[in-house]
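Novice: Just need the whole structure built from these sequences, with the hints factored in.
Protein chains in written order, with the working numbering: chain A, 3 to 289; chain B, 52 to 329; chain C, 2 to 247.
No lab work stands behind these hints, which were simulated from the structure alone.
Pair ranges (Cβ atoms, derived): (1) B:Leu309 x A:Ala142: 30 to 36 Å; (2) B:Val127 x A:Leu20: 15 to 21 Å; (3) B:Leu66 x A:Val185: 19 to 25 Å; (4) A:Ser139 x B:Tyr179: 46 to 52 Å; (5) B:Leu60 x A:Ala142: 35 to 41 Å.
Where chain C lies over chain B, by a calculated footprint (3+ residues, C-beta under 8 Å): (6) 218-230; (7) 234-242.
Ideal placement from N, C-alpha and C gives every residue a C-beta, glycine not left out.
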Amino acid sequence: MRSLGEKIFESIIKIISLFSVLLLVFIVVFIFKESLIFFNRVSIVDFIIGRKWNPLGAAEDLSIWPIILGTVYVSIVAILIAMPIGVGTAIVLSTYTSNRIKKAIRGGIDVLAGIPSVVYGFIGLLVVVKFLEINLSLAAGESVLAGGIVLSVMVLPFIISTCDESMEKIYEKYSQSSSALGVSKSYLIRNIILPESKRSILASMVLALGRGMGETMAVMMVIGNAPIMPKLLGKTQTIPSLITLEMGMAEVGSLHYHALFASGFVLMLILLGINALLYFIKSRINV
Amino acid sequence: MNEKTKSFLFKGWILLSTLIVLAIVFYIFGYILSNGIESINMEFLLDGPSGIPVGSQGGIFPAIVGSLLLMLISCVFASILAISTSIYLVFYCESERIKGLIHLITQCMSGVPSIILGLFGYTFLVLYLNLGRSVLAGGLTLGFMIYPFIQVRVEKTLLEVDKSIINSSYALGISRTYTLFKLILPICKSDIVSAITLAGGFAMGAASPIILTAAVTFAPIPSSLSSPVMALPFHLYILTGEGISLEKAYGTALVLILLLLIINIISTIINITRKEHK
Amino acid sequence: MSILKINNLSVSYGNKQVIKDLSMNIARNKITAIIGPSGCGKSTLLTSLNLMIEENGGSISGEILFKDKASISYEKADIRRMIGMVFQTPTPFPFSIYKNLTYAPKYYGIKDKKELNRIVEDTLKEVGLYDEIDDLNMLATKLSGGQQQRLCIGRALTVEPEILLLDEPCSALDIRNTENIEKLLLDLSDEYTIVIVTHNLSQAKRISDYTAFILDGELIEYDTTDKVFTNPKDNRTREYIEGIYG
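Specialist: If you want it as structure tokens, here you go:
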């Protein structure tokens, strides 16, 4: 009796686990299959390097080079802004603060990480975009820069927590022997801790890049969504926002519809590459 | 540059960074709170949206209920899958290769952007399976999104249970299943619940997976799993994007953030009571 | 009179053989001590006796007869119920004392509240905790180390085993608690067969009836404790007892 129950339970667990894993694989295969229909008509190379996105035009008019560039551009701007701030904060958290203050600041950063992206987009539209319009006297503040600024705030928590964690370990490792030498804390950090945490800093950067490129709502609300070659102060388009905005309108089964899947597929490939890079960097962090 | 200047610049940099981060945290909350607080009253919380265009008057009650429903469905769905997979990986799977494969797949999945999941949910669930734009389709799509989040945390919790405690149960001649239900799961319960609540908050705030699968501009409280719903993040997007009402948008943002904060506090309390228990 | 007969037992983890062709008999209602330097395989031997070794990835060849019947012909669960085990560091479940002691009886189908209460009370008396504990709903993890270990011995007794295996049960305890446990084991040996692995030679001398000396997975000497300590036959045993292996 008892062992029958055991066997049934074990089988249920196995079946559900198998189902979950197959489901995950199925999602990827499904996206691939739907994009394949498009790639049968337009070659993947033309799709990627072509300059024009016009859903109402011919097949050759569906290509996403400017959109890929826009996706990358916004994320890179975000990282350029967020890295120095994030690393600086991580240094303070891991070495300069008492436990109580550390906890409080970390709590605040966790909250920052928990704010939904649509709220970031909302504030970005009302504050960042307006600010750019007034101060740079732009006709429209929706731009790569606006997207980058909003995104930089969103990736800050990832950067801070990744760096903070490893810096804390490195600091614990060296602080005693270094203070025995009579060296100041700032000297220790600049000459040992920062160089030692190089890989973690790089890992946090790649992580942030991946997060940023997949981000939808916040970016979509502040970049103006025009599929043109991106300029820092001009409108742009990213792959996630392209899919969000056009999927509802695209006729099911049309070339436009499959092209949207294809762009999703390209995004997944890019992110897969980034994740592989991240995995590679992480496996070499030996703290 | 001498050591003194270097040290000075260095300290200036890190201090400034921290101040910026703190300023952002306070600014965001201050901004939403000060602008949103006036919009919140009983009518806003308990009435449906009205006016022309819809949303310019009235409240957001259906969106609150819709968001909670979506969160509930996604949590139930994802937890069942994630907890089972974790139990399988920790207690039943004997092949290192299968373990590695499942970890790899889960990790890849956690890197898939939510809009791709939305795309899948829209095409497969809404169109192919004919679920339509509905609470069910949206909840399942959000479930795909939070599955890796819950799975990773639950597995970690299960692995942290002291091996010698588990062995002393086996040494009493007691079966795996009984050990799992009466010893391991009770020990991990609060960690698991807290992981699920955090994931729930994550699901509730997400707009991109539900734009195509569940959310609509106006709907009453759903009467069945196949009805479309209103949801707070989508409502906020529509109110701002279409320029319907800034005042209502501030209120919606504040309600959304407060709900998430409450969920976070609940999860923290669960964790603290557990620590005291030990 | 032997409750356990071990014939040509070999145990290995992967390619590494830890116990080599070991044979010995364990006498009923006596205390048998297993001694030897660290890493000699004494804990492995102990965990082979209730087949716990399989949970840790070891494999067994040879024969272990429990009451003249091969232990592998029993259900694994039955063997473990009849041969209880207590580990090196106390392993109380993070529940109340009451739940620790009713955990196993409930599994074996005892539902009656009165019966469970009786088991808890009897067990606490048996291990000498009854007078030290006021509140059965107290978390077991809040007991002192010595009390925790006695609770774990008690928990092993709740399934009414015939043999009790102890793997260095006092190594994490101070002298006073060690004394308590030793006294407890002497009392229990009227009713149970006890096999104890110990690092502490004087402990083996104080409480055991028989002593087995193991070196590198081989049984070097096995006799009454008195003989092993006063007049060992093997030179290696003498050297170990005189403290050469440390």
